[in-house]
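Undergrad: For chain X, the structure is supplied; the task is to place chain Y on it using the hints.
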Amino acid sequence: MRAVRSVALSVFRESVRDRVPYSLVLFAVLLIASSFLLGQLTAGQDVKIIKDLGLAATAVFGLFIATFIGIGLVSKEVERRSIYALLSKPVSRPQFILGKYAGLVLTLAVNVSVMTLALYAVLAWMTFTESPEFRAAWDAPGMDPALLKAIALVFVELMVVTAVALFFSTFSTPLLSAALTFGLYVVGHFNADLRNFDRIVDSTAAVWLARGAYHLVPDLSAFDVKLQIVHGIPVSAGYMLATAAYGACYIAALLLLSVVIFSRRDFK
Amino acid sequence: MSTRSWRLLALAGAVTVFAAGIGLQVARDRLYPREAPELEPLLYVRSGATLKRLALAFDALLSDVYWIRAIQHYGGDRLAGHQERKYRLLYPLLDLTTSLDPYFTIAYRFGAIFLSEAYPGGPGRPDQAVALLRKGIGAQPGKWQYYLDIGFVHYWHLQDYTAAAHWFQKAADQPGAPNWLRPLAASMLTVGGDRASARFLWQQLLQSDQEWLRRTAERRLLQIDALEAAARLTALAQRFPPPAGQPHTWEDLVRRGVLRGVPLDVTGAPFELDAGTGEARVSPRSALQPMPDVATRRLPS
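Those sequence lines, one after another, are chains X and Y.
Quick note on this note's numbering: the first sequence kicks off at 605 and runs consecutively.
Quick note on this note's numbering: the second sequence kicks off at 79 and runs consecutively.
Excised from the complex, chain X in its bound form (with noise of 0.2 Å):
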């Protein structure tokens, strides 16, 4: 455990040193920057504009964190060579990707926090300047608790693309790595589609094909209930607890997948 803790805390100190932080300040320049524009250029919707942009601006920036940080994790100590030193230390290679992966998911997590810290503030101060009337007319109060619902789920899919981009790094080259990591990205969530098939194809087997490939393909749609919450449409604990394990199990799959691949790979 120390071992992991160890390789996760060097990951963070180098993504703070890689500058990453400096999206939080222009996560929070952008926000502020709407939320005054907002107002000349929307009929009365700056709140729901606001949350919607905070939302999206928190899984955006975390997917670029996630990708570009997550497929260099092990691929650029391959080619720094940097592995074979640390492997000749009490690091066995199972607890070197574990650790590689809680640094990143460590790493989202000040950054997903921070975020959802500034977002809560850029509403407070609309929330107090807006008048009772004004406020009456949101769908969801301004500063909803129910927004830290939308968010849990944006950072259990920022953790499965981080699993995803470690598995990729694994065995692949960065550039490779990026374009399969954002691609899955992107299939994740038209997967939806995938379970539905059989409403537009006859055939049998491209139906059982469609569907044995929405099952092997992150179901990323399902994260996604960040309209629901803007507009104070509950979103049941049932849902969020089945969706959340269902991330948890993916992660585990491919983490173990990547622990295997790795294990394999011969570094002399």
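Hints in this document: simulated from the structure, not taken from any laboratory.
Keep in mind that a hint or two might mislead.
[Unchecked claim] Restraint-style ranges between C-beta atoms, simulated for each label pair:
#1 Y:284 <-> X:668: 42 to 50 Å
#2 X:728 <-> Y:309: 47 to 55 Å
#3 X:728 <-> Y:97: 37 to 45 Å
#4 X:680 <-> Y:293: 56 to 64 Å
[Unchecked claim] Covered by chain Y, according to a simulated footprint, are these stretches of chain X (three or more residues, beta-carbon under 8 Å):
#5 649-657
#6 789-795
Just so it is clear, CB atoms sit at the ideal spot from N, CA and C, and this is done for glycine as well.
TA: Below, chain Y without anything else, positioned relative to chain X:
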């Protein structure tokens, strides 16, 4: 030269060159003004279903972008010269907005107001307003406000009081609907298009939680006040007709002490008086125009 001095010199050089570039840019724009090309507004993707797929997890944010575009398109055309008011993309933009975010209440409700507004204040398309609101009902069948708004379009813009009563009744049947909807549906069937019903309806919308709806209701109530004032002035002018062979004029009524001055509407525009019939009307130059009794004028084809 030391490294520090060299860096400072380079920095100063960069600032100088950049400032010179800005100066040149300003001078060029002044000497050779460029005409901004008139670009026809364009929609690259018209299918809401396709756009929703392309948006991945960012459909809510994209719906905001299309909503802002719809408002800018409506406002831009409304403020443009008379010849340019086409509102060509208004319905497609609202359709895309609501396809991306089916729960975007204000896009349905205010979009319907934009669409049904008489030309030149809007495209004068109550049919598209009804289609948009029906789409909203498809997404949220229990939302009584959408039924009320459809009834309203039938009442105000189409003057179809039977259809209006039908939709008010449907609104009243939805859970959580206010209790004034049922008597409203009944009165619609019996008295139809009287101003008292119109006033009642707009007063209800004045209680709306949407600021823009409240502002529209305020304007409509002012228009109704102006219509009632015009009707009173017509009665007055006809009760005190000018001497035989003379035209109806405000000056004549003022001179005879019937009025204290030329009557003005709330925007400060004088009412017009038909010289032949003595009928008083809201001035075409009044900020209250277009008046509801000239509603549903469509775009020239």
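Undergrad: If you test the structure against every hint from before, which numbers come out violated?
TA: none
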